[in-house]
Every structure is written in C-alpha cells, then in structure tokens.
Amino acid sequence: MTVKPHYSLSFQGVQQAKQSYTLYYEPSLGISSDILVKNNETISKDTPIFKYYNPHIEKHILAKKNLLSSIQHSNKISSDNFNQQVQLSNDILNLQQQLQTRIYAPIKGRVTVLHPFPSKSHTEIMQINSDERIIRAKINESQLKQLKNNQLVQVSIKDTRQFEGKILSISSIPYKTESSFSFYNVDISTDPSYPIGYHFDLHLGTTEYELPNKVIYNKNYVLVIHNKKIIKRNIKYIKSKKSGYIMVSNGLNIGDKIITHPSTSLLESTE
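All residue numbers for the sequence shown refer to my numbering, where the first residue is 25 and numbers rise by one.
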C-alpha cells in the first residue's frame with residue numbers, strides 16, 4: 025500500500041489576486057465610450073481608465089445655448105431677463121460637467137481588457153489585478169472553529185506537497201448562507217509564481233498517516249520498499265479512532281510503499 029497523509033482538516037483553495045476590481049459597462053452614464061489604458065498595462069490607483077460620453081446631454085446643452093443666445097439678442101432689458109441668463113449659464117456649465125464621465129482605478133495593478141467595445145449593460149470591460157497573490161478558500165461554519173490567523177497550512181497539488189502557507193485572514197461575515205450551513209472566505213499566503221485560477225489542496229495540522237494495524241512489524245517497525253529493496257523503518261504511532269488502524273506521526277514519508285503482509289522470505293531479506 026502507498027502512504028497518504030491524514031490531516032485534521034482538508035479543503036480546497038484557488039490562487040487569486042489579493043486585490044481585484046472589475047469594471048462593468050453602465051449605459052446610463054453614456055452611449056459612446058473610450059478605454060483610457062492598454063491591455064496588460066500596470067497602473068497606479070486613481071488612474072483614469074474609462075470615459076463615457078453622453079450625446080443626450082449635448083442636446084440639452086445646445087438647446088439651452090440657443091435659448092440663451094435668443095434672450096441675449098432680444099431688446100428686452102429687465103431683472104427677470106438678466107436672472108434667466110444667469111440661470112441658463114449655470115445650467116449649461118453643470119451639463120457640460122456631465123457630458124463626460126471618467127472612471128478612475130480604485131486599486132494599483134495590471135489591466136486585463138475583456139471587452140473593448142461593450143454594448144450591453146453590465147458587460148465586463150476590464151479587470152485590474154494587484155501583483156500580490158493569495159489563496160482564497162471557502163469553508164463552512166463547522167470548519168471555522170478549527171482555523172485561526174497565522175496558522176500554518178500545507179499546500180499541495182494532487183497529494184504532492186508544494187509549499188507551506190499561512191492564514192492571513194478569516195472572514196467574520198459569511199459570503200453565503202444556506203438552510204443548514206453558512207460559508208466563509210479564508211485568505212492564505214501563497215507562492216506568487218502560480219497563475220491566477222490555479223487550484224490547491226489545503227491541509228491543517230501535523231502530517232499523520234492512518235494505516236491498518238497489519239502493517240506493524242516487530243511492534244515498532246514497518247517494511248518499506250525502497251530502490252527495489254525492502255527496508256525496516258522505525259515508526260512512532262498511536263491508536264487511531266478508527267478501529268483496526270494506527271496514526272503514524274514519525275518515520276514515514278508521503279508516497280512510501282509499505283508491505284502489509286510480508287512473507288517469510290521477504291522478512292529474511294530486510295535490511
């Protein structure tokens with residue numbers, strides 16, 4: 025049999041940017057539009073990234089300008105006439121400020137343009153991702169009590185350990201609530217070389233191996249196949265809560281090949 029780890033808690037997480045912002049198209053702000061940044065460009069916070077232009081407001085401006093011009097060229101001179109000109113001038117100024125609407129980046133990061141020519145409401149125009157990376161995991165309320173900030177997490181891919189992370193934050197407010205469970209976000213430090221969207225297996229607690237009692241040889245040993253040879257490995261273990269099994273805390277590695285029922289000839293050839 026092959027040794028596999030047994031952890032106190034295992035769950036999954038996905039590589040994400042620590043900060044991320046998605047810009048959606050809002051036709052109410054204007055019909056014509058322009059992207060003010062380039063794809064894959066790194067920008068600072070408060071950089072203008074998108075511009076709306078509203079032709080409907082331009083029509084209102086033109087109408088008020090025509091009315092103002094008409095009043096100015098009339099022969100009537102009165103306080104009402106003057107007040108109307110002041111009001112129209114203020115209206116034109118306010119409308120001109122609404123003619124163009126600029127959107128500014130709320131975070132520093134790298135731009136990914138998704139739809140350069142949006143036409144439908146709520147279309148994703150672009151996404152900005154910070155250079156810092158985290159692993160975002162989702163846990164249920166029964167798992168929550170086992171986690172704490174700064175706790176070490178074993179990060180692996182398909183049972184192969186990659187690196188060790190640390191819990192950075194645990195959400196105190198659930199992102200989703202169902203009839204029987206609430207679910208919370210957990211952020212974990214990561215290796216930034218992995219791309220956004222990469223999936224990891226996450227494990228808490230010390231690495232232990234749950235094995236059947238029948239692997240024990242001579243009270244404190246197991247037989248392991250190594251380099252086509254059978255070797256005797258000293259182990260430390262306790263009884264498992266699972267009947268007929270032990271929990272090995274020392275002496276084995278992930279992937280070790282263990283002989284469960286060694287024959288007499290095999291026992292004689294052990295090192």
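Treat the hints as calculated values from the structure; they're not laboratory data. There's no promise every hint is true.
Claimed, not checked - Here are the computed lysine-lysine pairs in the DSSO-like style, where the Cα-Cα straight-line distance is at most 30 Å:
1. 238 <-> 200
2. 169 <-> 182
3. 144 <-> 69
As the list claims (entries may be wrong) - Each pair of labels, with its calculated beta carbon distance range:
4. 274 <-> 140: 54 to 64 Å
5. 55 <-> 104: 53 to 63 Å
6. 110 <-> 209: 50 to 60 Å
7. 105 <-> 77: 11 to 21 Å
8. 63 <-> 281: 28 to 38 Å
9. 173 <-> 143: 29 to 39 Å
10. 201 <-> 275: 13 to 23 Å
11. 174 <-> 207: 39 to 49 Å
12. 165 <-> 265: 37 to 47 Å
Predicted model only: the values in this text are computed from it and were never measured. Where is the CB? At the ideal position from N, CA and C, for every residue including glycine.
Practice task
Quick one: which hint numbers does this structure break? Sort them smallest to largest.
Solution key: Of the numbered hints given earlier, those the structure breaks are 1, 5, 7, 8, 9, 10, 11 and 12, listed in rising order.
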